[in-house]
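> For the record, the sequence lines run as chains E and F.
Taking numbering that gives the first Met the number 0, I'd label the letters of the first sequence as residues 0 to 60.
Taking numbering that gives the first Met the number 0, I'd label the letters of the second sequence as residues 0 to 193.
By construction, these hints were calculated from the structure, which means they are not laboratory data.
Incorrect hints may have been included.
As the list claims (entries may be wrong) - For lysine-lysine, the following DSBU-like pairs were computed, each having C-alpha atoms within a straight-line distance of at most 35 Å:
1) Lys183(F) / Lys35(E)
2) Lys131(F) / Lys15(E)
3) Lys7(E) / Lys53(F)
4) Lys131(F) / Lys51(E)
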Amino acid sequence: MAKIKIDKSLYERVRKTAERAGYSSADEFVTHLIEKAVADVEGAASDEEVEKQLRGLGYIE
Amino acid sequence: MTTDVTTIVSGLPRSGTSLMMQMIHSGGLPALTDEMRAGDEDNPRGYFELEAVKKIRTDTSWLDDTPGRVVKMVHLLLYDLPGARSYRVVFMTRDLGEVVRSQGVMLQRRGTTGAALTPGQLVKAYESQLAKIRQWLDEQRNFEVHYTSYNDLMADPPTVAAAVNAFLGGGLDVDAMLRNVDPKLYRQRQALST
C-alpha cells in the first residue's frame, strides 16, 4: 500500500471529521475523498473529449 | 397534427436519430430542418438537421417554429433548452460499440478529428454521459422522454414504430414510418470489445 504525506494538523482534522462522519478510519475517509476527486477530474477530461468528438462529427459548434 | 409541445429526436450521433426523424416526418409530424446538411454516404437519406440548433446557447428563437414539428438535437444540447417550454423527446439508444465504430467511419469520411480517446475510453465516456442525462431528464418536469433502441428498431420495426407513435399521441401513420426502415443501412453491427 502506497503512503502519502500530509501536514500533521490537517491529518488531525481529517481524523476527527472521519470519526464524526462515521468512517471506520481516516484512511478510509481519505481514500473515498481521493477516489471521488479523481473521478471528477477524469469525468471532466472525458467530457471535453466527447465535445471534440461531436464537433468533429459536425453536431455542435 | 399540431401541439404546443416541442418534439425532439435526440441521442448520440450515429444512434439512429436521422432514421427516427425520417420515420416521424413520414408518419405525419413534419421535420423542422433547413436541409443544409445533405445526405451522404453516412446518411444517404439525409440528416434532417437544423443548423440553428447548434447555436442554442446564444439564440433560441428557432424554438418558436417547433410546435407541430419535430427537430433533431444531439444529447448534450438538451441541457440548453429553456425551462419555460415543454418538450417530448424520443431519445435514441444503440449499442455503444456500434456507435463508436460508426462515428469513427464518419470522422474518416469527413476528414476531421474527434476525441483523443481509445474506442473503449469513448464508450465509457458515453456511458457516463448517458447515465447523467437520463438522471437529469428524469428530474425535469417539463420533459417527457421515450427511450428507443436502434437495435430493437432493426430487430422489430413494427413494435418500435407503434411505441413511438403511442408516445407521440397516436396520430402518426405507422405504415409510412415503417417504409423508412432499411436493414441494408444497418452497417456497423459488431460491438467493440472494450
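> Does the structure break any of the earlier hints, and which numbers would those be?
As far as the earlier hints go, 1, 3 are violated by this structure, in ascending order.
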